[in-house]
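There are 2 protein chains.
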Amino acid sequence: MTARRGRRLDFEHGLVELTHGGGGRATTQLIEELFLPAFHNDLLATRNDQAVMHMPACEMAMSTDCFVVSPLFFPGGDIGAMAVHGTVNDVAMSGAMPLYISAAFILEEGLPLHDLRRIVLSMAEAAQDAGVRIVTGDTKVVERGKGDGVFINTTGIGIRMPGVAPSVEKAQPGDAVIVSGTLGDHGIAILSQREGIGFETDVISDCASLHRMVASLIETCPHVRAMRDPTRGGLAATLNEIAEASGVGMILNESALPFDPQVEAACELLGLDPLHMANEGKLVAIVPFDAAEDVLEALHADPLGRRAALIGRVVEDPRHFVQIQGDFGGTRVLDWLAGEQLPRIC
Amino acid sequence: MTARRGRRLDFEHGLVELTHGGGGRATTQLIEELFLPAFHNDLLATRNDQAVMHMPACEMAMSTDCFVVSPLFFPGGDIGAMAVHGTVNDVAMSGAMPLYISAAFILEEGLPLHDLRRIVLSMAEAAQDAGVRIVTGDTKVVERGKGDGVFINTTGIGIRMPGVAPSVEKAQPGDAVIVSGTLGDHGIAILSQREGIGFETDVISDCASLHRMVASLIETCPHVRAMRDPTRGGLAATLNEIAEASGVGMILNESALPFDPQVEAACELLGLDPLHMANEGKLVAIVPFDAAEDVLEALHADPLGRRAALIGRVVEDPRHFVQIQGDFGGTRVLDWLAGEQLPRIC
Chain A
1 MTARRGRRLD
11 FEHGLVELTH
21 GGGGRATTQL
31 IEELFLPAFH
41 NDLLATRNDQ
51 AVMHMPACEM
61 AMSTDCFVVS
71 PLFFPGGDIG
81 AMAVHGTVND
91 VAMSGAMPLY
101 ISAAFILEEG
111 LPLHDLRRIV
121 LSMAEAAQDA
131 GVRIVTGDTK
141 VVERGKGDGV
151 FINTTGIGIR
161 MPGVAPSVEK
171 AQPGDAVIVS
181 GTLGDHGIAI
191 LSQREGIGFE
201 TDVISDCASL
211 HRMVASLIET
221 CPHVRAMRDP
231 TRGGLAATLN
241 EIAEASGVGM
251 ILNESALPFD
261 PQVEAACELL
271 GLDPLHMANE
281 GKLVAIVPFD
291 AAEDVLEALH
301 ADPLGRRAAL
311 IGRVVEDPRH
321 FVQIQGDFGG
331 TRVLDWLAGE
341 QLPRIC
Chain B
1 MTARRGRRLD
11 FEHGLVELTH
21 GGGGRATTQL
31 IEELFLPAFH
41 NDLLATRNDQ
51 AVMHMPACEM
61 AMSTDCFVVS
71 PLFFPGGDIG
81 AMAVHGTVND
91 VAMSGAMPLY
101 ISAAFILEEG
111 LPLHDLRRIV
121 LSMAEAAQDA
131 GVRIVTGDTK
141 VVERGKGDGV
151 FINTTGIGIR
161 MPGVAPSVEK
171 AQPGDAVIVS
181 GTLGDHGIAI
191 LSQREGIGFE
201 TDVISDCASL
211 HRMVASLIET
221 CPHVRAMRDP
231 TRGGLAATLN
241 EIAEASGVGM
251 ILNESALPFD
261 PQVEAACELL
271 GLDPLHMANE
281 GKLVAIVPFD
291 AAEDVLEALH
301 ADPLGRRAAL
311 IGRVVEDPRH
321 FVQIQGDFGG
331 TRVLDWLAGE
341 QLPRIC
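The listed protein sequences correspond, in order, to chains A and B.
Under this note's numbering, think of the first position of the first sequence as 1, with each following residue one higher.
Under this note's numbering, think of the first position of the second sequence as 1, with each following residue one higher.
One or more hints might be untrue.
For identical chains, the list gives no copy identity; a pair is met inside one copy or between any two copies.
Stated by the list, open to error - With a straight-line cut-off of 25 Å between C-alpha atoms, the simulated DMTMM-like cross-links for lysine to aspartate or glutamate are:
no., residue 1, residue 2
1, Lys-170, Asp-42
2, Lys-170, Glu-297
3, Lys-170, Asp-327
4, Lys-170, Glu-33
5, Lys-170, Asp-202
Keep in mind the hints are simulated off the structure, nothing from the lab.
Note that this is a predicted model, so its numbers are computed, not measured.
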């Protein structure tokens with residue numbers, strides 16, 4: 001191998017080899033020629049197997065996610081950007097400002113280095129935009145046919161804003177249910193790229209980091225009861241989890257649910273419910289009802305929250321049902337998805 | 001699905017299905033019937049997408065690793081125990097006490113739930129023994145043939161002991177090079193299980209958490225220059241990394257290197273160098289020479305360090321070579337491994 005003196009990695013035509021995960025010179029070369037320059041920061045540059053950061057006394061949030069989305073590249077994003085945004089959002093939903101992220105890769109032998117570089121640069125850009133630092137990492141390589149291009153784990157650390165403690169079990173009857181924008185965009189963007197399902201649409205993934213919008217929401221409403229980003233399982237899973245954890249029900253107004261018309265059309269065509277589709281740049285907030293108007297105003301002021309809407313209310317319900325009220329008064333139960341609507345959406 | 005009322009998971013005959021990664025009711029069932037009871041602790045039980053912990057003002061260490069070891073079960077351990085020990089050790093090597101771990105799973109459709117439970121229980125036991133808590137997690141499922149049973153990411157957080165700051169660039173000429181025990185055991189234990197290579201041996205993996213031994217090392221020698229666990233790439237990769245980062249050379253005494261005779265015999269049989277074999281329960285410490293004797297005494301007092309040995313010295317060398325001096329005075333350069341000796345060792 002040639003890490004110290006010799007050929008550099010060929011990012012145009014080269015492929016990931018098993019040696020890149022061996023912990024020897026080829027691994028070092030990948031770190032030196034790709035990860036360090038892309039994620040450059042002091043903490044990563046120490047080249048230890050861990051990062052060490054000064055932390056003030058705080059409530060610290062920690063969240064982890066593996067990303068296995070297929071395809072790796074899709075309209076509006078890719079697995080790299082998503083791995084940053086997704087973990088930033090999970091940390092932010094606790095009312096914390098995300099600061100540090102770890103990034104660990106499971107690469108499949110034969111992955112074009114060109115694709116890997118594109119993904120890593122996309123992560124770096126997403127992290128820089130979000131103001132978080134990728135401070136430590138790991139790379140493993142599995143044999144051809146034992147993985148699928150690249151899987152990424154990101155784990156994020158953040159500091160919770162003082163006095164803030166949203167949690168899924170805090171929803172109370174009377175609270176307002178707010179969503180920050182249109183539902184199902186990510187799911188449809190991914191679906192449009194799948195082999196055998198492909199269809200024409202201009203829908204792009206909503207993949208984005210929401211922590212700044214969360215900060216302005218919290219400034220407006222420090223006593224937000226619960227926040228969550230409705231990813232896998234969509235709005236339906238998220239609201240059912242909150243209802244279950246809080247021991248309440250919810251009633252949503254069908255006409256208040258925000259959708260992109262193209263997403264609605266695609267869902268109709270495919271026989272899918274957009275309320276079960278994944279989102280990667282939306283949040284659900286349960287807030288005291290008298291704070292709802294101010295929260296909506298704060299969300300509308302953020303480019304990512306322009307289509308925020310008050311979609312329903314928390315109610316007493318010993319069955320913990322999430323129900324949807326139609327325009328003509330009829331209601332239906334919005335259940336969890338029975339099976340798997342769409343594997344590997346994130 | 002049947003999370004709320006209905007059949008429980010069948011851990012004897014059931015298989016992982018794509019729905020277990022869908023974020024809906026099947027995912028919830030897996031969390032409720034497997035992960036929560038196994039890892040039980042207050043932080044995990046909040047059921048939020050993140051854990052929130054109180055942290056004092058501190059130097060905080062963070063480390064991440066993906067584990068893709070094959071086979072999943074091997075003499076002396078399994079992928080679950082290893083995922084805990086490995087991250088505990090990476091955090092500990094910075095001089096930190098590990099406290100919290102995240103656990104994220106990429107499961108292959110068709111994995112027996114029986115195997116998954118065995119792995120998860122092994123993680124839980126390893127975490128309990130090590131005194132660390134698994135506080136947040138994630139589960140994804142990929143289609144059959146797109147993964148390999150189970151991959152695990154663990155990311156660990158710890159608090160660095162005050163006044164301690166070992167780092168790979170701190171080795172100085174004159175320092176002692178110490179290793180905490182026999183070399184290559186994990187590599188040979190894995191190799192003995194591989195299809196097509198299998199051979200008879202009683203060697204078991206050294207897979208273990210080293211943070212308590214690190215604490216007693218630090219108590220004895222707060223100014224330890226550098227610590228690292230020689231996993232992938234073995235002692236050779238670890239020492240070359242330290243030499244490179246510190247801008248020094250090293251000279252090891254061949255006769256001082258501790259080996260299990262069975263590991264030596266297996267390596268000879270297979271034409272492998274045990275200095276390139278992975279270890280999962282050993283550490284290398286570079287310490288000021290006058291502290292070496294006390295450090296050895298501290299290590300010998302720990303059951304995991306009984307065969308600790310002073311194996312060499314740091315020297316000035318502009319080429320940053322790690323050299324081995326034989327019993328009759330001849331030296332050879334211990335280089336990084338050129339290729340991949342053994343894929344998926346961890």
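Hints and how they fare:
no., hint, verdict
1, Lys-170 x Asp-42, "between (40 Å within a copy, 16 Å between copies)"
2, Lys-170 x Glu-297, "within (23 Å within a copy, 54 Å between copies)"
3, Lys-170 x Asp-327, "neither (29 Å within a copy, 70 Å between copies)"
4, Lys-170 x Glu-33, "between (47 Å within a copy, 24 Å between copies)"
5, Lys-170 x Asp-202, "neither (38 Å within a copy, 55 Å between copies)"
Against the hints set out earlier in the document, violations occur for numbers 3, 5.
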